[in-house]
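The primary structure of each chain is shown beneath.
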Amino acid sequence: MSDETKKEIRVVGVLAQFSGKQTLVKAASEVRSKGFKDVEAYSPFPIHGIDGALGIRPTILPWLVLIAGLGGGVLAMAGQWWTNTVDYPYIISGKPMFSLPANIPVTFEVMILSAASVAFTGMLALNRLPRFGQPLLRNNRFLRVTDDGFFLLVSDDEVAEEKIRQALEEAGATDIEVVTESVEESKIPVPLVYGAVILACFALIPPLMIASARGTTSQKPRLHTWFDMDFQPKLKTQTPSNLFADGRAMRPRIKGTVRRGGLVKDTDTGYTSIPAVGTPGGDSVQEWKVEFPMEVTDSMMDRGRQRFNIQCAVCHGKAGYGNGLATIRALELQQGTWIQPTSLHADHVRQQPVGQIFNSITNGVRKMPAYKDQITPEDRWAIVLYVKALQLSQNATLEDVPADMRETLKASE
Amino acid sequence: MATIASGSHEQDLYRDVTERVCKITERPKPPRAWYIAIVFSSSLTVMLFGLIGYLIVKGVGVWGNNAPVFWAWPIVNFVFWVGIGHAGTLISAILFLFRQDWRTSINRFAEAMTIFAVMCAGIFPGIHIGRVWFVYWLAPYPSQHLAMWPNFRSPLLWDVFAVSTYASVSAMFWYMGMIPDLATLRDRATTKTRQFLYGLGALGWTGSAREWSRYEKAYMLLAALATPLVLSVHTIVSFDFAVSQLPGWHTTIFPPYFVAGAVFSGFAMVITLMVPARRFFGLKDLVTIKHLENMTKIILATGTMVGFAYGIEFFIAWYSGVRYEQFAFINRAFGPYAWAYWIMVSCNVISPQLFWFKKFRTTPWLMVVVCIFVNIGMWFERFVITVTSLSRDFLPSSWGYFKPTAVDVLMFIGSFGMFFTLFLLFCRYLPIVAMSEVKAVMDDGHDHH
Chain A
1 MSDETKKEIR VVGVLAQFSG KQTLVKAASE VRSKGFKDVE AYSPFPIHGI DGALGIRPTI
61 LPWLVLIAGL GGGVLAMAGQ WWTNTVDYPY IISGKPMFSL PANIPVTFEV MILSAASVAF
121 TGMLALNRLP RFGQPLLRNN RFLRVTDDGF FLLVSDDEVA EEKIRQALEE AGATDIEVVT
181 ESVEESKIPV PLVYGAVILA CFALIPPLMI ASARGTTSQK PRLHTWFDMD FQPKLKTQTP
241 SNLFADGRAM RPRIKGTVRR GGLVKDTDTG YTSIPAVGTP GGDSVQEWKV EFPMEVTDSM
301 MDRGRQRFNI QCAVCHGKAG YGNGLATIRA LELQQGTWIQ PTSLHADHVR QQPVGQIFNS
361 ITNGVRKMPA YKDQITPEDR WAIVLYVKAL QLSQNATLED VPADMRETLK ASE
Chain B
414 MATIASGSHE QDLYRDVTER VCKITERPKP PRAWYIAIVF SSSLTVMLFG LIGYLIVKGV
474 GVWGNNAPVF WAWPIVNFVF WVGIGHAGTL ISAILFLFRQ DWRTSINRFA EAMTIFAVMC
534 AGIFPGIHIG RVWFVYWLAP YPSQHLAMWP NFRSPLLWDV FAVSTYASVS AMFWYMGMIP
594 DLATLRDRAT TKTRQFLYGL GALGWTGSAR EWSRYEKAYM LLAALATPLV LSVHTIVSFD
654 FAVSQLPGWH TTIFPPYFVA GAVFSGFAMV ITLMVPARRF FGLKDLVTIK HLENMTKIIL
714 ATGTMVGFAY GIEFFIAWYS GVRYEQFAFI NRAFGPYAWA YWIMVSCNVI SPQLFWFKKF
774 RTTPWLMVVV CIFVNIGMWF ERFVITVTSL SRDFLPSSWG YFKPTAVDVL MFIGSFGMFF
834 TLFLLFCRYL PIVAMSEVKA VMDDGHDHH
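Sequence order for the protein chains is A and B.
Under my numbering, the first sequence has 60 at position 60, and the numbering climbs by one with no breaks.
Quick note: to get my numbering, add 413 to the position in the second sequence (first position is 1).
Next comes chain B alone, as it looks inside the complex:
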């Protein structure tokens, strides 16, 4: 449709970026691996929604949650997925404010991951409430029927506000960043359908200087707002635990420790997804080893912080002199869930230490292996925190041992299916690299000659 490319060397560079990114969605057929992956992941998604329907019909009892462990896999999965999301916002907002230009080639990808992870996270508390058809009772709205208001002093309500704000702001940030790139796809469209759909998404963007001026200001403001927001979200998630009085939960270290853990797991997930994506979609020149290496350094730093937090928890338990607190931690490491605790420690504390070695930081498949361990470890971290504390509280007569049901396990697997389905659709139909941002920070061939 557009005229044949003719122009300066500078224009060729920009055109190259456009071509590389757009051809992923413009090629008539995606790679075979994409088809295999989407068939697999979408059937898991169907399974997830089938199980959700089953849960709604039968009740929450289809899960293994029972006295004394009323918060089990659903909350573990929720915290796991919300945590994964944090890397996206960190890359798009915090690294933006710190002028880390290398972020431009991975931010769109990571932001998409944030949104899909938060969607997966939202499912679990959403269906945990029992009568899911009254989910709107969580919202503070004037109602003659209820004639009451939510309790704003409860951490669970803070969590509703934090996660829904996080989902909304992330979605706005992601979509706004994508408007100029959707316009690129619209202007390159070869069929009416593509032109119409991408045109709808691009909202009539022309790229005028006045549009850009306001757009950049809005982008900067959103980044500045998302930065404290992302720190607050996992802080408030940790309040769900820390504000209660259960030994092992009631600690002030939780907010920073949860945020570090979230960033840790999020970056691990970005690498897990990025390495195959850049290979299959030919993005090795845009997402280079340097990008991956930077991320492994962040994983190393946050992983070490998490390890430090584990140590401090034990120290404080001893130093506090509170017997219940001491018992909670000894029970974690040597009690009936010792197996989970040591999986957590070896995955979260030991495995990221491999990133001290340059070989691990620069070899994609080695990174993926380490990152998968990190993700396993971070799931177990939430499991250890939630289940060990609940299963053995103050009264030995009420102690128990939690066993998940098949529904628990399959729902968690199903949530991965949903996550990957959304991700594969994103890779196929949307601009997975922020083209306009990459172009804006590119060496234009003039400045340094």
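Bound conformation, chain A alone:
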């Protein structure tokens, strides 16, 4: 044999076979008592008592599993709390955003899943599995270990082979042999390494493509993997259509149509007659009505409050400070398009005559749209009445309260 082909040989250890589990346990403790340190037993099934004989310490696996279980549980609970109350709060059937009972099932399942995964992967990792190319598995006699073979392997490097043989023979081994492996065999074949590197390079292509796509802009519409119902053969608002002469998909109202309830009976009451409004600072500044055009009653006040809470409070707030839910939400979004309603208790609003408030509701003011199509004139006046009452309520002294009511007000304080 030339020097090139000569293989370097490494001794794995001395392997001895035994006839059964009891003899194996006995032999293991005998061999260990003779001072051999690197002793391992192999058997087709777990043997109780061999851990002690070989001096195997208890594994840390249970602690890993405990940590994984607790960690998974905490993470699941925290995740549910954060997703459902902080990041995406959503009221469902009036249930609380977070309550322990409703969140226990998922917490429990995640706990079990993480603990079990760690029990399984931890067992493999601590056992250094998967491990292919195990030298013992090239030994034909050893292959009986998964059938009916019981083996001891002594791998103490410093001790002479003869001494090990002798000790194993005395322990009752039926067969003894030295297991070796060539160093070459224990290495990963070179083509396999190159193959793996090339594969890894190819595997980088898709993520790189995705990364580059994310970093650049494109004129083309995005890829539509699933069409669902995104493209339907129908005409949408503001789209052209050659079906009609005017080329529009949207149809204008036919001249002379009055929508239901839209007929203005102006002459009946005279309530709605708002004199032409002059532009602020313009020439034709109008005198506003300073009196209600109808008799003011309790039922009108009730009606006004009810209408105000429905129509106005979402933006203006129930007390009229310009802090309704829609306003709060719009300001949170910070889109810059929302103008907060003026507080109804600002001095210049409080001084407005009733006719001007009626006009604001009817025709809108600043960004507030006109409500003449949505609120009847009677209701608009009722709202004006309620707004006046609100304004008074926020700036009142005890003297404003009728004398006979003062005592009850004080008592209720």
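Derived from the structure by calculation, the hints contain no laboratory data.
A couple of the hints might just be wrong.
Okay, the calculated bits of chain A under chain B, using three or more residues with CB under 8 Å as the criterion [what the hints assert, rightly or not]:
id, stretch
1, 49 to 55
2, 78 to 86
3, 98 to 105
4, 110 to 119
5, 306 to 318
Using 30 Å as the maximum straight-line C-alpha spacing, the simulated DSSO-like pairs for lysine-lysine come out as follows [as the list claims (entries may be wrong)]:
id, chain 1, residue 1, chain 2, residue 2
6, B, 630, A, 26
7, B, 442, B, 605
8, A, 236, A, 367
9, A, 234, B, 471
10, A, 372, A, 236
11, A, 236, B, 471
12, A, 255, A, 236
13, B, 697, B, 772
14, A, 410, A, 388
15, B, 630, B, 703
16, A, 255, A, 318
17, B, 630, A, 37
18, B, 771, B, 697
19, B, 605, A, 187
20, A, 234, A, 37
Using N, Cα and C, we set each Cβ at its ideal position, and we do this for glycine too.
Given the structure of chain A, go ahead and fit chain B onto it with the hints provided.
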């Protein structure tokens, strides 16, 4: 490949176990019955997947689900299959913790059944969601596109977590238990292909004492984790019903009643499969009449529990004084679905009572007959619960009568095809008895002489 067997009497015993189990996968050809069975079952599987494709293309409307019964056969089949799975985990985990050594010869078999049953179960809700290509929306993952999270307060989401955890843990438990046995097949392999494939599965297992020590600890931990898990799974499945407010569903007895029913149906399925398998693969010495008898006793116990639960449901309906609840139960027993109700009662409550007789507990073919009745009964139980309650709720104007379509029926049959196909492949290619576990609890010929 291995040297000629030579050794002690003890070694002969172990070798005998290895031979009996390994020769099932090592014989060049399986029995003729295997071929017939796999051709039949795999064509049913092809039909199932064809129908799934049809459903995806056409939409969920190919099923009979319609107002007012929007949950019909798909959920019935789902609960049926998940329930079947429970026996496997019960045998592998709970009986392990109770040191019931007789379980070792049937646990691998039952665990395989669990996994295949859960696979069948998973199909039905999976394709029921409508746009199945967005199934990943069920998972809680951060997404710019959706910009939302699942509702963790919903029993349906709990169910997703419960069943997927159950499937994962069962698969890990099953595979981990199989590693030493795959190593046995690897070491006995006579061809390179077999050696490579089983070697891949065995992950380089050598059976060293240190490996075994950690393996046993991990096995014990998995059993301890799987025990509460298996009880939780059908509990959470029952929440799908119990947490809603429909009469006949909104009852606190559901969790224990569902778990008992699951174990009941699962053991019935184990026997249905075990009796022919032990006959065809010559496992009568490993899976003895005693094993089968133990299982029939569990069926008797759980069947009686289920019967008791049926009675209690009626009692509570009367005792609660809620008219809707009372109507729901009277409607079950005497309404338009009375035929289904009485099939359920006779199969689930009456037929297992035959196991009081020793002859029924020890004659394999009689057991199989009873167990098939039990499986029929348990399918009808889920049908009765789901469909009778939905078809007649609070408003008589919305009442209806559910009729399945051919797709419903054929898909259910197809799911059996898939189950049996997987099972036949398992029987042919994997170690169907946990050899290392059987050897570990064997009388080794030394202790009792």
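Indices of hints not satisfied (ascending)
5, 16, 20
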